[in-house]
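Residue 113 in this note's numbering sits at position 128 of the sequence shown; the count goes up by one each step and never skips.
If you're looking for bench data, these hints aren't it; they were derived computationally from the structure.
Just so you know, these numbers come straight off a predicted model, no measurement behind them.
We put the beta carbon where it would ideally sit given N, CA and C, even for glycine.
Please note: incorrect hints may appear among the correct ones.
[As the list claims (entries may be wrong)] Calculated pairs, DMTMM-like style, for lysine to aspartate or glutamate (alpha carbon to alpha carbon, straight line, at most 20 angstroms):
| no. | residue 1 | residue 2 |
| --- | --- | --- |
| 1 | K483 | D448 |
| 2 | K640 | D403 |
| 3 | K650 | D403 |
| 4 | K453 | D722 |
| 5 | K207 | D448 |
| 6 | K757 | D185 |
| 7 | K581 | D636 |
[As the list claims (entries may be wrong)] Simulated restraints, written as ranges between beta carbons of each label pair:
| no. | residue 1 | residue 2 | range |
| --- | --- | --- | --- |
| 8 | Q383 | L202 | 22 to 32 angstroms |
| 9 | D636 | Q383 | 44 to 54 angstroms |
| 10 | E641 | D480 | 27 to 37 angstroms |
| 11 | G389 | L150 | 55 to 65 angstroms |
| 12 | H408 | S337 | 38 to 48 angstroms |
| 13 | H344 | K364 | 26 to 36 angstroms |
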Amino acid sequence: MSDKPQPQPHQDNQGWEPRGPEPTAQAAPGGPGEPGKPGDQGTPEAPGKPETPGKPEETGSPEASGSPEQSGGPEERARPEESGKREVRATPEQPGRPQEPGKPQERATPEEPAEPRRPDGPGQPREHTTPDGPGKPGKKPRRKRTGWGRLIPTWRMVLGTFVGLVLLVIGLFALGYYLVKIPSANAAATKQSNVYLYADGSQLARDGEVNRENVSLPQISKDAQHAALAAEDRDFYTESAIDPKAMIRAGWNTATGKGRQSGSTITQQYVKNYYLGQEQTATRKVKEFFISIKLDRQKSKADILEGYLNTSYYGRNAYGIQAAAQAYYGVDAQDLTVGQGAYLAALLNAPSEYDVIAHPENKAAALARWNYVLDGMVKKQWLTPAARGKVTFPEPKQSVVATGMSGQRGYLVKAVNDYLAEHKIIDEDTLQTGGYRITTTLQRPKQDAFVKAVDDQVMSHLDKKARKVDRYVRAGGVSIDPATGKVVAMYGGIDYTKQYVNNATRRDYQVGSTFKPFVFTSAVQNDSRTEDGRRITPNTFYDGTDKRPVQGWNGGTYAPENEDNVSYGPITVRTATDKSVNAVYAQMAVDVGPSKVKETAVDLGVPADTPDLTATPSIALGPSTASVLDMAQAYATLANHGRHGTYTLVDKITKEGAEDVHLPKQATRQAVTRQAADTTTSVLQSVVEGGTGTAAQAAGRPAAGKTGTAEEDQAAWFAGYTPNLATVVAVMGQDPDTGVHKSLYGALGQARLNGGGYPAQIWAQYTKSALKGTGPSDFDLRLQPGAEEQQQLPSTGPTDQSPGTGGQDGGAATGGQDTQSPPPGDNGAQTQGQTDGGVTAGGTTTDGSTTGTTTDGGTTTDGSTTGTTTDGGTTTDGGATDGGTPGNGGATDGGTSTTAGAGPLTGLTPRRQ
């Protein structure tokens, strides 16, 4: 067989693919070579292509040079009918192996058959080139990978994939950083409670659903700061916002039993707490990632740590380290010790689980976490090993501060909030935003003493099962420093969650005879005189006859009862005050002028809009319903020698990140003269020394005070003061189911409750305890002129005959005047109302002359009477009888001057002292 290569079927160079084992490409058969350029060895020349003149033929080997058999001449061109046959190339092992004519050659890679050559047009030359160009030797082909090797990526694939992923990550990061904005803080993170403090800074209460109080970083002890970092993020100050090492460390600690640790940095945790939420979603994590990076660029590490400590949850409904410090140890965050701070830091990992009080079974785990924190502080050199060895585990207290409003807290908080709103300091809506730190004027020792006094004297003696009336008993009290007007203690009720209404601030119980001192103060202030012209002093005599109609009042008949219907006859103002004689003070109110009495009461501190504070004779007996707080304010003015300053319950208000709230200046003024106030004090001292208020002597202090009892014994009062403390106490009756006022007859096993009983006893115990440790001081009094002078009894005293027998409830004498209608503002029936026209023996004159004969209680037939008299007669319009002094209404020998009988008044009048 010839060694010459066999002619190959013609194939167009389109679709030509070089095969790995072939050293050179073959030219299509049947075509002439280029002029002057023979074809390569073993490669027929392309048909129809002339040779290049003068160019020597390149050969693949010396043997092939110039060989006509290898020149690819026309005699070796493939026949046209063979042009459609498949081309079969020789493998590298069998180069140029001849095949039988007409038989296709086997391909090295039979799985890839050669494409058939398209027929050439007549006379069109074709060119077939190697991969490196026509006529050039081919490169060594790459070896095909088979089997499992095809699954292993090449280094080019790995590099390309890596670069692509890097570019993708960079693009996504840039997109996320651009799209994710730092949002506003979530509502739960900004919601804070208002914190109410005693005057000494200790916590009184906090309101709101969220128990949180934000504090600045300097207000958190360094030990507590370092403990939190040791527990959650020891590299906080040196790491970026995102720390992959923290995630690895957290996983390792969890796997090795050192406790769960968050893989997030403190910055990420702060973002979750403050800006996002606690939901475990991919979206939240993505946002957390980008916000943390942005936040780390915009805020300092100190700001982030402060925010984290203020928003973290510590258990016991405590959000933030300040609330936690109070909840677990009853201290402020700035006072936390190393051990306490380490325990609070341990709680961050599992607040409920590590509360050793709620879950004592987990104490071992809590101690392990606590030790982990301390060891971390040593490792970071925030704590020396020696100091570490001295730290002992600080047991949290069972319950330090209740976050609710039980006990007295609710009453006190409500009173403070009302004070802020009424004085336009902070309105209710603003206060509801929270975050205020309100320091009150309340003194904790005095507050505790008040609660104890009420419990000891009243609440501990109630037997609600044996005596139904004991269910009605309520109590209220307020204590004020007279010199400053600051409320130092307040008792609102047994429990705010059980009795919602604050008994210290409610205005729906009559104040009773505790109002009488204001009448006398007004008399001295206005230099008032009796109808017969005598100056009203502590020693002025009045008629103390029971049911005696007041004289000199043109508004209708008014004749109040004395307690137990006792008639006292001539009696001095001091004694009438000791015994709380209604007849005397009703007449005194008329002598001074009811409108002036009201004005003085308002000046002393009773609100002008107090219900039933009307300018009528009944004002003296206390039908008005001022609150215990109102009355304490007024009595504090008397104790302060007539100088009045509006009471205050608040000493300071601050809010984190804002300026201190401005409080109105506590301005005082001389409401009444010092002589008026001090003379009243001297009279009230007699009440304690020998009158209805002797129980107050148990305080062991110089004291002045007044008892009072409301209509039908629905309330009993004692209002009193020492030179440096004014306190008012009231015991009230109210149905707990319906809220209706109830009489206290039989309560506490007593037939009747009055101000000199339980209220005075509470006052005495409280005052003694509140002033413990201070020396007693006497009153420094400046009395009105003549206050110490004894006045002579009138020559003719009142008889035992009850005045006003001339008809009741509007009856009129024949030919007499009709009774006058009640003055506006008085309401309710009065006892023993009198009618116009009632006269007594001695006759009645009109225009100075007697116009008819009368009998006791009779009426004239020619004219009308304008007043009632006792024996001795009464003149009208200037007429005088038996030594009486002429004037408007005149006066009898020793009698009490009047101007007109008063008809029934509307307004419930207390009958008791």
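Against the structure, the hints come out as follows:
no., hint, verdict
1, K483 <-> D448, "holds, 18 angstroms"
2, K640 <-> D403, "holds, 19 angstroms"
3, K650 <-> D403, "holds, 18 angstroms"
4, K453 <-> D722, "holds, 13 angstroms"
5, K207 <-> D448, "violated, 54 angstroms"
6, K757 <-> D185, "holds, 18 angstroms"
7, K581 <-> D636, "violated, 34 angstroms"
8, Q383 <-> L202: 22 to 32 angstroms, "holds, 30 angstroms"
9, D636 <-> Q383: 44 to 54 angstroms, "violated, 30 angstroms"
10, E641 <-> D480: 27 to 37 angstroms, "holds, 32 angstroms"
11, G389 <-> L150: 55 to 65 angstroms, "holds, 57 angstroms"
12, H408 <-> S337: 38 to 48 angstroms, "holds, 42 angstroms"
13, H344 <-> K364: 26 to 36 angstroms, "holds, 28 angstroms"
Checked against the numbered hints given earlier, this structure breaks hints 5, 7 and 9; the rest are met.
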